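Visitor: Residues per chain, in single letters:
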Amino acid sequence: MSEKIIVLENIVRIYQIGEVEVQALRGISYSIERSEFLAIMGPSGSGKTTLMSILGLLDRPTSGRYFLEGEDVSSLSKDQMAAIRNKKIGFVFQNFNLLPRTTALENVELPLLYSNINGKESKERALAALAKVGLKGWEYHRTNQLSGGQMQRVAIARALVNEPSIILADEPTGNLDSKNGAEIMDIFTRLNREQNITLVMVTHDPVIASYARRRLYLKDGQIVREEINGKTDGQASVQGGQL
Amino acid sequence: MKIFRILQISIRALSRNKMRSFLTILGIIIGVAAVIAMVSVGEGAKKGVEERFAAMGTNLLFVQPGSRRFRGVQTGAGGYVTLKPEDAMAIEQYCDAVAAVSPSISTRAQVVYANKNWNTQIQGTGEKFPQVRKWNVAEGTYFDETHVAAAAKVCVLGSLVKQNLFEDEDPIGKTIRINKIPFKVIGVLESKGEQGGFFNRDDIIAAPYTTVMRRLRGVDYISSIDVEAISADMTDEAQRQIEELMRERHRIAPGADDDFEVRNMTDVAESAAQSSQIMTILLGSIAGISLIVGGIGIMNIMLVSVTERIREIGIRLAVGAREKDILLQFLIEAIVLSVGGGLIGIIIGIGVSRLMKYVPTFEGITTVVTPGSILLAFLFSASVGIFFGYYPARKASRLDPIEALRYE
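Residue numbers (this note's numbering), protein chains in the order written: chain A, 1 to 243; chain B, 1001 to 1408.
Because the hints were derived from the structure by calculation, they are not lab data. Worth double-checking, as some hints may not be accurate.
[Said to hold, decoys possible] In silico lysine to any residue, SDA-like type, Cα no more than 25 Å apart, as pairs: (1) Lys-1002/B x Gly-149/A; (2) Lys-1002/B x Asn-180/A; (3) Lys-123/A x Lys-1134/B; (4) Lys-219/A x Asp-59/A; (5) Lys-1018/B x Thr-102/A; (6) Lys-78/A x Phe-1004/B; (7) Lys-123/A x Ser-1010/B; (8) Lys-87/A x Phe-1004/B; (9) Lys-1018/B x Asn-196/A; (10) Lys-123/A x Ala-1054/B; (11) Lys-78/A x Leu-1327/B; (12) Lys-1395/B x Ala-83/A; (13) Lys-1134/B x Asn-1117/B; (14) Lys-120/A x Arg-1263/B; (15) Lys-78/A x Glu-1145/B; (16) Lys-87/A x Arg-1263/B; (17) Lys-1002/B x Ser-53/A; (18) Lys-1002/B x Lys-136/A; (19) Lys-123/A x Lys-1047/B; (20) Lys-1395/B x Asp-59/A; (21) Lys-136/A x Asn-180/A; (22) Lys-88/A x Ile-1310/B; (23) Lys-1002/B x Ile-84/A; (24) Lys-123/A x Leu-1007/B; (25) Lys-1018/B x Ile-84/A; (26) Lys-1395/B x Thr-102/A; (27) Lys-132/A x Gly-70/A; (28) Lys-1324/B x Glu-227/A; (29) Lys-1047/B x Arg-1263/B; (30) Lys-1002/B x Lys-219/A.
These figures come from a predicted structure and were not determined experimentally.
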């Protein structure tokens, strides 16, 4: 049975830059099922990063509704959004976004710090998360002593540690060479298959996108096309385009 | 619960940048140390004054000339020169709450013995001065009533004067010259020691007041009368009796202002303590300004630190930190800095005030570090942290997570 973890209803996001209004998203309606592995693709300016910010509750849509696990999260307060980011969403960024001069373990523990988990449990969970991404033995290394691939694995462990409903990855391999990039994608694939973690990834690299089960193409703030395991589904594009 | 963890984060963040943290708190360290050291100087002076008056006894009263108005011209206190030796005798004779009196008049003079000379205060007193002022002779004797009656050229040296003029020589029976007039030394006063403040009580020569009046000053009045009441409880009664007698003797009409003033030790001690209190406040507030400057230093560095750490703030917001968490983290960092600086400053301040007497310029100075000044400096430095840390902390907490994450 498939359960819809994310439902977007006609999401519009307009930025006001001085006198000019920029429509970053022009009515996105889409739903993502639990355990999905989705890649969002599109040229720069297509609105994929804005969509990612809204999915990650870093930003609020100008209009439209966003349901996360059945709960309407489109108009929450900043603190409520922070609490949901903490519990339900894990982020992986292109530039890793780890705290400098801090150990891998401390970085992974960071989300737990803001969710009332005591020190002992926090450490155990962080160690387990690091082991899952193959960084056993690197827990007490500082982030500046790690390679790019290792830093991204620390970031994945950090995204995993609070057992989120969904992991959002923004160009996760953008700063890595192809070998490290492939390793990161293997970890994502494994987490998705073995632990049924829902993954949404923004990329413009078709090779990386090919790891995903579903690919969503954006252009000018609208969904233009959807691919599922290689075949094209035009239905979404019609829907997205007209709304 | 969470405060402790945020404290931990703050300390970790600060220890990642030790040099900067140290430079930040330097201002606070200097400010707090300066406050403590300066206030200890003021408190030391105050304590010296208090001890000196306590040593004189609480049943001591002073009769001094008051201010007067003569044809519309108001003179200052002590403007009267009408306090006469006869007033002192009458007080001793007619006031039954009075145990003893000693008329007082003083001058400064150059004192010569052999090839040494010294400038000091010549205190003219009655023969009962040792009893009234609770100040006895250590060697020899004090002069008696026949010396006073005859305006004899005898004197009793304060221990510092003795030290300066005679060193190890025995001064008793020797002749010194005060303003070229030969005086026979008949005794040496016991040392009162250095009691803080700015003058040394042992730097004095006592002589019969009659001698000082006639031979050194050439006047017929005295400047004050020291009065000993029969007991501490009787000082108020003695004061009343003296006032009554003096009004009668000076023929002051009922309702007219007194031309004299009777002060008891408590009044004198209070006003002296008050003036040293003013000095303490003055010294403390000058040092306090440096503490405020230190606080501005903290704000400065915290603002720079917030800008430098925008990315870190973005990461924390992304993983679920609320505005309040970020605000608290940066506020606690500022407080940790100022309180840490405060503690180090307290230690240095205590050290400085202890070592101050070894610096030649401050020789003889007494310093007292009071718990009050430590508490004040500590609370002040902590509030400096809160006050100057709040603005940068609020700035940090208001950042937009998306922009913060993208910040290069």
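Visitor: Which numbered hints does this structure break?
Guide: 1, 2, 3, 9, 10, 13, 14, 15, 16, 17, 18, 19, 25, 27, 28, 30
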